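Sequence order for the protein chains is A and B.
Each residue of the first sequence is one higher than the one before, counting from 2 in this note's numbering.
Each residue of the second sequence is one higher than the one before, counting from 482 in this note's numbering.
It should be emphasised that the hints constitute simulated quantities derived from the structure, not laboratory data.
A quick note: this is a predicted structure, and the numbers were derived from the prediction, not measured.
For every residue, glycine included, the Cβ atom is placed at its ideal position computed from N, Cα and C.
Check the hints yourself; a few may be wrong.
Below are the BS3-like pairs computed for lysine-lysine, each with C-alpha atoms no more than 25 Å apart in a straight line [stated by the list, open to error]:
{"hint": "1", "chain 1": "A", "residue 1": "246", "chain 2": "B", "residue 2": "616"}
{"hint": "2", "chain 1": "B", "residue 1": "637", "chain 2": "A", "residue 2": "168"}
{"hint": "3", "chain 1": "A", "residue 1": "250", "chain 2": "B", "residue 2": "637"}
{"hint": "4", "chain 1": "A", "residue 1": "168", "chain 2": "B", "residue 2": "575"}
{"hint": "5", "chain 1": "A", "residue 1": "246", "chain 2": "B", "residue 2": "641"}
{"hint": "6", "chain 1": "B", "residue 1": "630", "chain 2": "A", "residue 2": "168"}
Only some residues are given here: those of chain A computed to face chain B with a beta carbon under 8 Å [claimed, not checked]:
{"hint": "7", "residue": "99"}
{"hint": "8", "residue": "157"}
{"hint": "9", "residue": "163"}
{"hint": "10", "residue": "166"}
{"hint": "11", "residue": "173"}
{"hint": "12", "residue": "175"}
{"hint": "13", "residue": "249"}
Now for the letters of each chain:
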Amino acid sequence: MMLTPNNNIIIGIIIALLVVASYNVDANPIEFAEGLPNLAIVVEEMLLVEPKYIPTALWAMLETIQMAFIGTIIGFVIALPLSLLSARNLNSKYVYAPVRALLAAIRTFPSILWAILFVIMVGSGPFAGVLAIIMYTIGFVAKLQYEVIETIDSDPMDAVGSIGVSKWQLIRYVVIPESASHLLSQLLYMFDYNIRQSSILGLVGAGGIGFYIINYITFFEYGKVVVFMLVVLVTVLIIDWFSVKIRDKYIIKSQHGMEVTAK
Amino acid sequence: MKQIQMTQNPSFSLISTKKIIQMSNVWTSYDSKNFALEGINLSIDRGTNYAIIGQSGSGKSTLLKLMNGMMIPSKGTIKIDYTSPDMNNKKFKKMMHTIGYIPQNLGLVKNITVLENTLLGALPRLTKIQSLFKKFPEHEIQEAKRILKLVGLTGKENRKAYLLSGGEKRRVAIARALMQKPTILLADEVVSELDNVTAHDIMNLIADAQKRMNLTAIMVHHDMQLALEYANRVAVITKGQKILEIGVEGETIVDFQTGDMSTEEIMEMYDVNSKQ
Ligand SMILES: Nc1ncnc2c1ncn2[C@@H]1O[C@H](COP(=O)(O)OP(=O)(O)OP(=O)(O)O)[C@@H](O)[C@H]1O
Ligand SMILES: [Mg+2]
């Protein structure tokens, strides 16, 4: 960045905002420093790892993955038609505007708030977690998808549209194939993301591995906590590795194909 | 220097007197400031091979887009088989099923195969259930393969469209249009940028389809030579205006619309004699 007078003003404003905001949230470096010894105690207790909890942790992780899997798939299936309705290149304002507003409303709540809501509705347990994941996935994936749909090449849309096909045929035969690889890539990304999400939904009683973690924390059993946290860490790393592989192998290739323009 | 060679026109005997396309005083613009076309009049008989030539930006593509309802004139009237071309007009929307359009940019769906792209031309003939499940009837698949053979793409049926060469892409777009069983074919520079042999192959193919189906072809060309070789009529447009229209019968040029330029000037402008 160039240090022009204009930029200096912007940097000045950002620093001022930072100071004001820190004051407002009671950010206090002294308190932080005083808290450090507490961290040392936690770390010390964490080192007393209790490996016999590994099987339990793995089961809990499996439940978490299942929650994320069901939530992602169902959320994705519901999001797809909603995204088609919110794409500006496929609908009139009277269709896309209300659907977009609905999606924006769904997105205002983070998944943890949805989880609290569903725990109240259907009781604690993984089902509430799944419902929360579904809602979050709908709000998020539908937005990602309509953005993809709006950027697809208008040439084949015009060419096939000029055959006088119906709008549903246009969607089925042009819009979906032209955006398929991007949609799949989002599905993968969302699954990856939802596994992390599901790991914390247990904090509010919505099932999954977070439920165990919060319980052990409450009873200061850090040796168990560390087992569960390590299982989460390793799982997330493995899934990350897998999705990178899949993306490289199948998706990037066909997206590259999409960039090749017909002359 | 080579003289203009005109082949026997195959579709000539089939021309009926029925007007299939009529435009009168058509103006149109993309931005409500500059007109892309300024007062176009034309009248095309069924079965004609009608060529449009003109310099880049003169309005050739725009003229085609008006004929299939993708653009609406801001002034003047257009009748395609006595119907106004407008996508919102139910009757015209049905007619669009048999108006084959090969846009300048081809408009292939890049992630699907050659065969699938060709089959898009048959979409209007599918039932709702067939189209939902992507279930094309066997005879349509056979027809698509037959057309792909005609355009010389046998063996490439299952190749993804984005993997094709420029010329192969053009042939897929032609196959898709022929798959519509068209009564009108609008082709925007479909053989420009192709080598001479391939260009003639494709022009012969279209001429042949014209003979068999009494097709009306409106083709934008880059090259006056090619236009004269295949067309019954050639219109020249410059800056959105039709400045000349000539009829071609066999080896003679028959009628001249009064214009600002003589044929010699037109020929010189398009550099006819130095081609080939
Ligand atoms: N989508 C568009 N938006 C705005 N102006 C356009 C658009 N398409 C074409 N034009 C303008 O309309 C005029 C006619 O364009 P048109 O594409 O019909 O020319 P053309 O004769 O087909 O040229 P070429 O031989 O280069 O294809 C040009 O001045 C062009 O800039
Ligand atoms: Mg053009």
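Quick rundown of the hints versus the structure:
no. : hint             : verdict
1   : A:246 with B:616 : violated (33 Å)
2   : B:637 with A:168 : violated (29 Å)
3   : A:250 with B:637 : holds (24 Å)
4   : A:168 with B:575 : holds (14 Å)
5   : A:246 with B:641 : holds (23 Å)
6   : B:630 with A:168 : violated (30 Å)
7   : 99               : violated (23 Å)
8   : 157              : holds (5 Å)
9   : 163              : holds (5 Å)
10  : 166              : holds (5 Å)
11  : 173              : holds (7 Å)
12  : 175              : holds (6 Å)
13  : 249              : violated (18 Å)
When the structure is compared with the earlier hints, violations turn up for hints 1, 2, 6, 7, 13 and for no others.
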